[in-house]
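Visitor: Given next are the chains, with one letter for each unit.
Protein chains: 4
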Amino acid sequence: MTWGESHGPAIGVVIDGCPPKIPLSVEDIQKELDRRRPGQSTIVTQRKESDTVQILSGVFNGVTLGTPIAMLIINEDPRPEAYEDFKDKFRPSHADYTYQMKYGIRDWRGGGRASARETAARVAAGAVAKKFLSITYGIQILAYVKQVYRIMASVDPNTVTPEQIESNIIRCPDQKTAKRMIKAIDAARKQGDTLGGIIECVVRGVPPGWGEPVFDRLHADLAKAMLSIPAAKGFEIGSGFGCVTMKGSEHNDPFVIRNGRVETLSNYSGGVQGGITNGQPIYFRVAFKPVATIMKPQQTVDIHLQNTTLQAKGRHDPCVLPRAVPVVEAMTALVLADHALRHKTICQWDK
Amino acid sequence: MTWGESHGPAIGVVIDGCPPKIPLSVEDIQKELDRRRPGQSTIVTQRKESDTVQILSGVFNGVTLGTPIAMLIINEDPRPEAYEDFKDKFRPSHADYTYQMKYGIRDWRGGGRASARETAARVAAGAVAKKFLSITYGIQILAYVKQVYRIMASVDPNTVTPEQIESNIIRCPDQKTAKRMIKAIDAARKQGDTLGGIIECVVRGVPPGWGEPVFDRLHADLAKAMLSIPAAKGFEIGSGFGCVTMKGSEHNDPFVIRNGRVETLSNYSGGVQGGITNGQPIYFRVAFKPVATIMKPQQTVDIHLQNTTLQAKGRHDPCVLPRAVPVVEAMTALVLADHALRHKTICQWDK
Amino acid sequence: MTWGESHGPAIGVVIDGCPPKIPLSVEDIQKELDRRRPGQSTIVTQRKESDTVQILSGVFNGVTLGTPIAMLIINEDPRPEAYEDFKDKFRPSHADYTYQMKYGIRDWRGGGRASARETAARVAAGAVAKKFLSITYGIQILAYVKQVYRIMASVDPNTVTPEQIESNIIRCPDQKTAKRMIKAIDAARKQGDTLGGIIECVVRGVPPGWGEPVFDRLHADLAKAMLSIPAAKGFEIGSGFGCVTMKGSEHNDPFVIRNGRVETLSNYSGGVQGGITNGQPIYFRVAFKPVATIMKPQQTVDIHLQNTTLQAKGRHDPCVLPRAVPVVEAMTALVLADHALRHKTICQWDK
Amino acid sequence: MTWGESHGPAIGVVIDGCPPKIPLSVEDIQKELDRRRPGQSTIVTQRKESDTVQILSGVFNGVTLGTPIAMLIINEDPRPEAYEDFKDKFRPSHADYTYQMKYGIRDWRGGGRASARETAARVAAGAVAKKFLSITYGIQILAYVKQVYRIMASVDPNTVTPEQIESNIIRCPDQKTAKRMIKAIDAARKQGDTLGGIIECVVRGVPPGWGEPVFDRLHADLAKAMLSIPAAKGFEIGSGFGCVTMKGSEHNDPFVIRNGRVETLSNYSGGVQGGITNGQPIYFRVAFKPVATIMKPQQTVDIHLQNTTLQAKGRHDPCVLPRAVPVVEAMTALVLADHALRHKTICQWDK
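So the sequence lines, in the order shown, correspond to chains A, D, V and Z.
Note that my numbering gives residue 360 to position 186 of the first sequence, counting from 1, and the numbers run on in steps of one.
Note that my numbering gives residue 402 to position 228 of the second sequence, counting from 1, and the numbers run on in steps of one.
Note that my numbering gives residue 235 to position 61 of the third sequence, counting from 1, and the numbers run on in steps of one.
Note that my numbering gives residue 332 to position 158 of the fourth sequence, counting from 1, and the numbers run on in steps of one.
Mixed in with the good hints, there may be bad ones.
Each pair may be met inside one copy or between any two copies, as identical chains are not told apart.
Said to hold, decoys possible - Using 30 angstroms as the maximum straight-line C-alpha spacing, the simulated DSSO-like pairs for lysine-lysine come out as follows:
no., residue 1, residue 2
1, K421, K487
2, K353, K421
3, K421, K261
4, K470, K421
5, K421, K364
6, K421, K350
7, K222, K421
8, K357, K421
9, K195, K487
10, K261, K350
11, K195, K261
12, K261, K487
Derived by calculation from the structure, the hints in this document are not laboratory data.
One chain only, chain A, in its complex shape (with noise of 0.2 angstroms):
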């Protein structure tokens, strides 16, 4: 459960159920945090934060106890005088009306709770979940930017490696439009304009038999997660949309014995079948919306109701994807961890 406003003191979280003895260090946590963190880069928002993380409860002597762990971050750079404008008006495509629509009430400083701020503390969760699941079962998770604007990459989700997602400033493994990537983001910032995109995420070493038959399908979980995530406006596991313009007898995933595995000749499925692992790579891909905070003027009204316009001062992402792609990884490790404690009072197969 993560807690916090974009400018109030500081934003946290607490994780229940986590199991004991896995080991963890603040840095375990901090590395992941730097990769989402605000001024990393030119093409992202030049806010000041270092996003430095406290453990508070459920870690003793390096490894967890099996309790609550609360991580809190302090807000250092908080700036909510950039705001003011907005006190009064809603800012299109953003939560502001909707907020007040639910609440009657808003914090209006940056966002309140509705800021992608408030994915920092996703990312220190998913920190721990990756560490379980890579120490557990040798789980990796690795997502990367896929599409920016029209500019589309050419990764092999099979082979490509961390390294090649964090050799450039955008996460993009495929060097060459990386850079047409970064070029056209720094179009758009000029502008006083954003774009959107595509993350692909990719996970290997799951075992065969994670997930729940009905509601609580793997992908499902998967799809609210993404969803969840500020900007996300599609999700597609394995085929996704273009399954439509193929045959049930082109889209089957043969299945075939290989060093004595059950394993399938294609994975047009993405690795889950009937909401189940089937013990091939799970990938997917998640669309996010331009950033909705633009420097141009722009059509609203405030909450006299009255026909308005407004324009956006402080400081923002031209382009959310490179600061999203841990926040993808994150979520994935929550969800997959989530299924892993639940998997396992479940027996398996004894062949």
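Add chains D, V and Z to chain A, keeping to what the hints say.
Guide: What follows is chains D, V and Z alone, placed relative to chain A:
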């Protein structure tokens, strides 16, 4: 909560949390089930099931009591013998192998719990949710077939009517395109093959302020609900994956006062901003893969881990789309009803 | 999750989360239901219900599938006409008035959902949990009548056997006291009055380490489960209210090594310390009030808010204790099964 | 959700679901914490903790936002060295052994997570719930010490006031008895021994119709909440265990119209019938065992499974009762607030 295996004695559902004093009759449920029923036309499975529902509790003198509503549908035409050949073989792109890996046992009769037959119970539950939403808030939920294979319909979600949708057996309101879709499905069926497609859903009349801000965003819950439907591979809301090729200045939905109410000039948000409704129509799309059961020989493995082949027998759908339309509506209704009941705990904005 | 009204067509239960491959037959369920069944002796209600259970899903070839188990019991002898007089009057110390205030509507036929008849569904579910706990862990759950009115039995919870409990119609293993209890109940029945009492329950064979440390302490969950049984007014574990008149030096349970295992010299903790089992027998007691339906005239009010009187007709229990024994065992089994499944997610101590 | 270890850097709590626009200040929280604080009088532990609370999120301009409220209490006076001797030894009737068996690891510093220090976080959360219940419904929750060891107070729950309760350090409104209780605790402390007792709680002003009919009965949730408090061994509502020696004709609460409202002549039900409130005051009692940490040598075992002895050092309570009073009130407030928010989803009776 639904229960039941495809070829067991019965399937059913229990609904907890339905408010009291909602008028509810067996006919309300049955008319929705009849839309999902097998054998309703030439392009769906010919399994003979009347899908007659019984209400066993929670309704008294024609209105709900507020206590759990249990509903039961007897399986009238189980033919488990048609599945004898699959007892030891894993059907490609079905849940046979993954169930075996999760549970170490499976009901091989027609997919058992993984069968799409389970969705009849969801349609029954959805009918209750639809009645509640319609009576209490005047909400209308309409799903229809937007695309089959490469054949795309032209439909205006703002004006489409239930009559247009129900006027043909494929449930596509674009009548000309509907005929082409039906032909394509017939052709695939004759080849022993299957087709996928896209269902679009529009919801009208949801007040602003429904939803949750962080994890249980309304569209995240919709995504989960849709991906929990068998054969669903992708979900997108509003502009969806199309948002990627738009700039922020094109994609934002400007607010405007119309007749004293806050409206938006465009609706790329699909009626949801920051996870909470803004009063505009909600619309989203779901991709369904071609049915995995095809009438052609396929390569696979058996439970002794030997390579083998199988060929389906039995009664199957060549295209899941027309019968999935009421399932999409039902799941949408269940998500909205859940948020409706949560929402009432929160006070609204006093303008 | 249970469902069903006392005088509706049927009652039932759906169990989610039962592990696969547990052998389970209708007889396993029926034998527990027969212990709760009305009409089993002269000191219980004479309503004629065979309480015959049907298993509708989740079991295949005699073993559980891991999918939801739905069970159904048809109401064979509903006589709603006996309750016509209560349609407009609130029976004292029943749930009639509170249901009316909560739901604005109620099924007045025999208490509807509030009827103790609902506990038949719990006993069915508990039978599954008992089977699971017995087969997987060798756990034995024994409840018995400890006190009726002022008549208290002398029972050693460490040695009591199922045979002793079932050897008389009051289910009190102290045979002499049992006779006095039966006489007292008969006398009360003849006066049109009712009696309450105490049920004690002992659980043997629970391994150390089950439970949760803060909110879901094992004994807190037991307390909730017991107080959710109709007519229950109090719960105490181990020394219970008796702990109050002991000093810390008397009440502490000293640890000692016996046969290489950690045991305690006394067991005032009742087998649970800090919410987690310590491997000693768990024992607790539940107080049940005298049945509210008496055959004497009583002062009350009607739904028009007028003072009035009523006098019960129909078939009622003069004392709920003998039939509550299997309900206490069932609820205990459900709580333990829930913790058993959670517990497996946690690694144990490597000594 | 609370988090934190007794001798870690901090403890805290996150509250989700608090309605927006409730006025809330640090003082509201602090005044309750001061009642639970160590060192407040001579009969409680002398650990020096100011228990100063910080509100980190969810409150803006003095009112709640509807988003999660995070609160933090720094541990100012941890002295883990006092517990060095317990590192390898299991303290009798503490959670040391059971934590070790569950998690395979434990924070031995002052009980870690199992320490009653965790209840400070509950008191902070309860203060928010109390404020909400008081402002929105005028509900008043009062707990007080009813019995210490063999010394029983005479208190009328219908007229007792907060001032009477707070007028002495034991929090017993019967002033003469209070003095005897304090003397008894002092005497026990000098002997290195500890005492238990009973806390009674009364809730006034809860409207009829709150609660749930089957599993989440209001008094079942209260029972769970009370038994989740460290050292609690029993719970009883209304007549409680005393109901056993009453007949149905004595125990029933006759309804009567008073000033146009439905009331009861007696209140053996304790304000709850069938799990739902009837508008009468709710009252219940909780038994607390004598504190397990005594200053006398005790027999126990160590983690090498050897018999040994231990003797406590450190700062401990000779009797938990006076500091448990605000904890009982807090947990009661949390249960009621939860039901208040659920209840609003349900329509009421239109008389």
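Visitor: Checking K261 and K350: alpha-carbon separation at most 30 angstroms within a copy, between copies, both or neither?
Guide: This pair counts as neither: shortest intra-copy Cα distance 43 angstroms, inter-copy 51 angstroms.
Visitor: At most 30 angstroms between alpha carbons: which applies to K421 and K350, within, between, both or neither?
Guide: between (34 angstroms within a copy, 22 angstroms between copies)
Visitor: Between copies, within a copy, both or neither: which fits K470 and K421 at Cα up to 30 angstroms?
Guide: between (46 angstroms within a copy, 12 angstroms between copies)
Visitor: Could you place K261 and K487 in one of the four classes (within, between, both, neither) given a Cα distance threshold of 30 angstroms?
Guide: Close inside one copy (13 angstroms), not across copies (56 angstroms); limit 30 angstroms.
Visitor: One pair to classify: K421 and K364, alpha carbons no more than 30 angstroms apart. Within, between, both, or neither?
Guide: Answer is between; shortest inter-copy Cα gap is 13 angstroms, intra-copy 45 angstroms.
Visitor: How do K195 and K487 come out at 30 angstroms by Cα distance, when the copy is not named: within, between, both, or neither?
Guide: between (47 angstroms within a copy, 28 angstroms between copies)
Visitor: Cα distance capped at 30 angstroms. Does K222 pair with K421 within a copy, between copies, both, or neither?
Guide: The answer is between: 26 angstroms across copies meets 30 angstroms, while 52 angstroms in one copy does not.
Visitor: Within a copy, between copies, both or neither: where do K357 and K421 come within 30 angstroms Cα-Cα?
Guide: This pair counts as between: shortest inter-copy Cα distance 15 angstroms, intra-copy 39 angstroms.
Visitor: As a check of your reading, is K421 near K261 (CA-CA no more than 30 angstroms) within one copy, between copies, both or neither?
Guide: So K421 and K261 pass the 30 angstroms test across copies only (25 angstroms; inside, 53 angstroms).
Visitor: I want to check one pair: K353 and K421. Are their C-alpha atoms no more than 30 angstroms apart within a copy, between two copies, both, or neither?
Guide: This pair counts as between: shortest inter-copy Cα distance 19 angstroms, intra-copy 37 angstroms.
Visitor: From the Cα coordinates, with 30 angstroms as the cut-off, is the pair K195 and K261 best called within, between, both, or neither?
Guide: between (47 angstroms within a copy, 17 angstroms between copies)
Visitor: If the cutoff is 30 angstroms on CA atoms, where do K421 and K487 land: within, between, both or neither? Let me know, please.
Guide: between (50 angstroms within a copy, 18 angstroms between copies)
Checked against the numbered hints given earlier, this structure breaks only hint 10.
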